[in-house]
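Number of protein chains: 2
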Amino acid sequence: MGIVVQKYGGSSLSDAASVKRVARRIVQAKKAGHDVVVVVSAMGDTTDDLIDLAEQVSPRPPAREMDMLLTAGERISMAVVSMAINDLGFSARSFTGSQAGVITDAVHGKAKIIDVTPGRIVSAIDEGHIVIVAGFQGVSGDTKEITTLGRGGSDTTAVALAAALRADVCEIYTDVDGVFSADPRIVPAARKLDRVSYEEMLEMAASGAKILHLRCVEYARRYDIPIHVRSSFSTLEGTWVIDPADTKEEDMEHAIIAGVAHDRSEAKITVVGVPDKVGEAARIFETLAGVEVNIDMVVQNISAAATGLTDISFTLPRADGQTAMGALARLQEEIGYEKLLFDDQVGKVSLIGAGMRSHPGITAKFFSALASAGVNIGMISTSEIRISVIVDENQVEAAVQAAHTAFDLDATEVEAVVYGGTGR
Amino acid sequence: MGIVVQKYGGSSLSDAASVKRVARRIVQAKKAGHDVVVVVSAMGDTTDDLIDLAEQVSPRPPAREMDMLLTAGERISMAVVSMAINDLGFSARSFTGSQAGVITDAVHGKAKIIDVTPGRIVSAIDEGHIVIVAGFQGVSGDTKEITTLGRGGSDTTAVALAAALRADVCEIYTDVDGVFSADPRIVPAARKLDRVSYEEMLEMAASGAKILHLRCVEYARRYDIPIHVRSSFSTLEGTWVIDPADTKEEDMEHAIIAGVAHDRSEAKITVVGVPDKVGEAARIFETLAGVEVNIDMVVQNISAAATGLTDISFTLPRADGQTAMGALARLQEEIGYEKLLFDDQVGKVSLIGAGMRSHPGITAKFFSALASAGVNIGMISTSEIRISVIVDENQVEAAVQAAHTAFDLDATEVEAVVYGGTGR
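Listed in order, the protein sequences are those of chains A and B.
Once you know that position 92 of the first sequence is 92 in this note's numbering, the rest is easy, because the numbers rise by one and skip nothing.
Once you know that position 301 of the second sequence is 1301 in this note's numbering, the rest is easy, because the numbers rise by one and skip nothing.
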């Protein structure tokens, strides 16, 4: 049997008892004949506690030192998981990101993995050990400084190690049963997906589904690593994130729509009355890039011929709202726009499915469902396999429910009730 | 000006406020024109908390993983001290033991430093940074595994770095004002020593004085690094631990007796009725070495000619008492001794001073003082500059006080009172 990479998040490692539970789970995989490499996040609230400590000491801690501090969190969890495994009679060895050969660029706080050189891991596997690796961290190839990978970093560590070790699968253990067709807190009839393609998972991650981070899925797609997202609290099969072309099952169900995602972390800015001249839009977005604000959706209306003015709206992370407004305000005289509007009471609802390519009419059906639910659409953006709309924040739930039902995503056992409720 | 190495212990780094206070102190040294290298222990109770966590997970955590776990403690404190310095407008860089080039043997939990290769430290100093180094930890030269140095490890790290960097001084910051002539909790008239020689400090450390660890003093003597033990809560001069030959002051006070140390951590075992034959004592102590019990004092009585039997008494760490008794019990038939006596209600009181060599009569005066105080002597052992006695545990305080007074160690301002109290 081959190598299995497992990743356990902080919510699966909240205390000594859960560390022991995870250890038993790891040992099961070893007993089943696999070579097992485990990636761990920091236990429970450790990372938040360390951030609190840093904030008490300094309002602007240097990023290099912040990385030194935060990497202590995974160091603690990898050591105790290893201890718990040894206590079950199996031999485990823990390794930091640096020791595991996770080589990154030198950008502290959000480093990117540029190479994995897992020589020590391979040796430890060959010696029969279960290997525990600290997620979220690496070492800069140039500066030899310790780095962290930023949000979703432990998932990315797991997939990158799985790729470097040519593992059979990368299992991402979490506190839910898998990837759902919508957030079950909003749609009680949401279904666990048995399979989802890399490209659909990418769009879902980019559209606010928090279960897997974008970078981790990109990495898995590039190296064709099957991800199995599953619960650390049950032995049920979870969701496989794979390339559909890899599956040999002829009768694999190809749903047209994989799911409905939503995101409440964005805000909308509208630049009103921009002179409709070449280069004005470029000036605006260059300015935002200059202050490191990432833009998501952009809409520009056709200019009214009479005035020669146009409006440009875009969405951005809420946390960057004041930075962006400040930078644009400094640009008013130069560009000569009329005014800026800021709205942080918005939400994004996205319909995602590879079947969109071959099935016309999806957009019409989606918008019709939203209309029937009384949801007003503010902005629209699409990709080949995704349709996203910006709506009022307080209409997000209604929009997600309406879309979920309209595309027959509701679970069978409650189908009748839900269909009745929406009337379509 | 040259390099100053400073070491701050956990009691000086108990919370964010004390971290900031230490940072101000470090910056003062930098402002005074020194290149500053700081060695830190884990903050406050961090190490104990991590040990508790390990014990919750496993009753017998592997030493390698324990080292991985515990080294997180200094990693946290070095990062936050560095942040606090940066916040004061000075540039600081933190380094783990491994990054600082602290090369050890491969004995987890009590590794010995075998080399220091401080290339990164030197570069950081040359770039103008204040350097913060995690104490207590290193990396094995052979196995590349992370190691910890055991008790007193951070002091040893500081002295080893001071030696490798050819520092002018190694300042050990603690929560008391320096090295005292006796424990001030027992002898209120105990005096802070301005200077003490390496060899006296070694004997004091070996005799129970907890202020500096034996290994740290050994390292300082070997490389002739002046240690300045001082309080992190005041700017007073503390105690200089030096080679008296290095001082140019003709009038340096050479006290005959440096101080009185005591130790309540030992127990006494007596093997009664051992046949007085060649090799029996060796058998006993080989057995104890085999179960890794370290012996301190040993006394063998001359055998009574009539019986051909002798008694052998020795002291050992109390924590090893049951291990030693078990090992010896298994030896009874082979050796044929009569019985074993175990006494953990003992204490050791030691008189230490380089002047003993040239001043006869010290032993007589010491024993006489103990007799006057009604203290019964159980065992005696001596070195060139030390006399140690084992007494009943509840007579330790009286013995320390009597010796301190008899050798004129009491501070001047309370001299009359104390002399009156002891009657000599």
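Do not rely on the hints blindly, as some may be mistaken.
Stated by the list, open to error - Simulated crosslink set (SDA-like; lysine to any residue; CA at most 25 Å straight-line): (1) K144/A <-> K1192/B; (2) K1144/B <-> V116/A; (3) K1030/B <-> I125/A; (4) K144/A <-> D1142/B; (5) K31/A <-> R1060/B; (6) K20/A <-> K1020/B; (7) K20/A <-> R1060/B; (8) K30/A <-> R1060/B; (9) K144/A <-> D1392/B; (10) K1144/B <-> I125/A; (11) K1144/B <-> L53/A; (12) K30/A <-> S1091/B; (13) K277/A <-> K365/A; (14) K20/A <-> G1109/B; (15) K1144/B <-> S140/A; (16) K1020/B <-> L53/A; (17) K1192/B <-> G1355/B; (18) K1020/B <-> T47/A; (19) K144/A <-> I1103/B; (20) K1144/B <-> D105/A; (21) K1020/B <-> T46/A; (22) K1020/B <-> S140/A; (23) K1144/B <-> I335/A; (24) K144/A <-> P1059/B; (25) K1144/B <-> K365/A; (26) K365/A <-> S383/A; (27) K144/A <-> D1105/B.
Unchecked claim - Example chain A residues on the side facing chain B (calculated, C-beta under 7 Å, incomplete): (28) S11; (29) S14; (30) A16; (31) S18; (32) V19; (33) V57; (34) P61; (35) A63; (36) E65; (37) A72; (38) R75; (39) I76; (40) V80.
It should be emphasised that the hints constitute simulated quantities derived from the structure, not laboratory data.
Idealized CB from N, CA, C, for every residue including glycine.
Here is how each hint holds up against the structure:
1. K144/A <-> K1192/B: Given pair K144/A, K1192/B is violated - Cα atoms ~45 Å apart, limit 25 Å.
2. K1144/B <-> V116/A: With a Cα-Cα distance of about 18 Å, the restraint between K1144/B and V116/A holds, given a limit of 25 Å.
3. K1030/B <-> I125/A: violated (48 Å)
4. K144/A <-> D1142/B: Within the cut-off at roughly 20 Å; holds.
5. K31/A <-> R1060/B: holds (22 Å)
6. K20/A <-> K1020/B: At roughly 37 Å apart (the allowed maximum being 25 Å), K1020/B and K20/A break the hint.
7. K20/A <-> R1060/B: Distance of about 14 Å is within 25 Å: holds.
8. K30/A <-> R1060/B: holds (21 Å)
9. K144/A <-> D1392/B: Violated, at roughly 57 Å.
10. K1144/B <-> I125/A: holds (17 Å)
11. K1144/B <-> L53/A: Violated, at roughly 31 Å.
12. K30/A <-> S1091/B: The hint is violated at about 47 Å.
13. K277/A <-> K365/A: violated (36 Å)
14. K20/A <-> G1109/B: holds (23 Å)
15. K1144/B <-> S140/A: Holds, at roughly 19 Å.
16. K1020/B <-> L53/A: With a Cα-Cα distance of about 12 Å, the restraint between K1020/B and L53/A holds, given a limit of 25 Å.
17. K1192/B <-> G1355/B: holds (18 Å)
18. K1020/B <-> T47/A: holds (21 Å)
19. K144/A <-> I1103/B: holds (18 Å)
20. K1144/B <-> D105/A: Holds, at roughly 23 Å.
21. K1020/B <-> T46/A: holds (22 Å)
22. K1020/B <-> S140/A: violated (29 Å)
23. K1144/B <-> I335/A: violated (60 Å)
24. K144/A <-> P1059/B: The hint is violated at about 36 Å.
25. K1144/B <-> K365/A: violated (61 Å)
26. K365/A <-> S383/A: holds (16 Å)
27. K144/A <-> D1105/B: With a Cα-Cα distance of about 23 Å, the restraint between K144/A and D1105/B holds, given a limit of 25 Å.
28. S11: At about 18 Å, which exceeds the 7 Å cut-off, the nearest Cβ of chain B leaves the hint on S11/A violated.
29. S14: violated (12 Å)
30. A16: Check passed: Cβ of A16/A comes within 4 Å of chain B, closer than 7 Å.
31. S18: violated (10 Å)
32. V19: holds (5 Å)
33. V57: This interface hint holds because 5 Å falls under the 7 Å limit.
34. P61: holds (4 Å)
35. A63: violated (11 Å)
36. E65: holds (5 Å)
37. A72: With a minimum Cβ separation of about 4 Å from chain B (threshold 7 Å), the hint on A72/A holds.
38. R75: At 4 Å from the nearest chain B Cβ, R75/A passes the 7 Å test, so the hint holds.
39. I76: It holds, given that the least Cβ distance between I76/A and chain B is near 5 Å, below 7 Å.
40. V80: Holds - the Cβ of V80/A comes within 7 Å of chain B, reaching about 5 Å at its closest.
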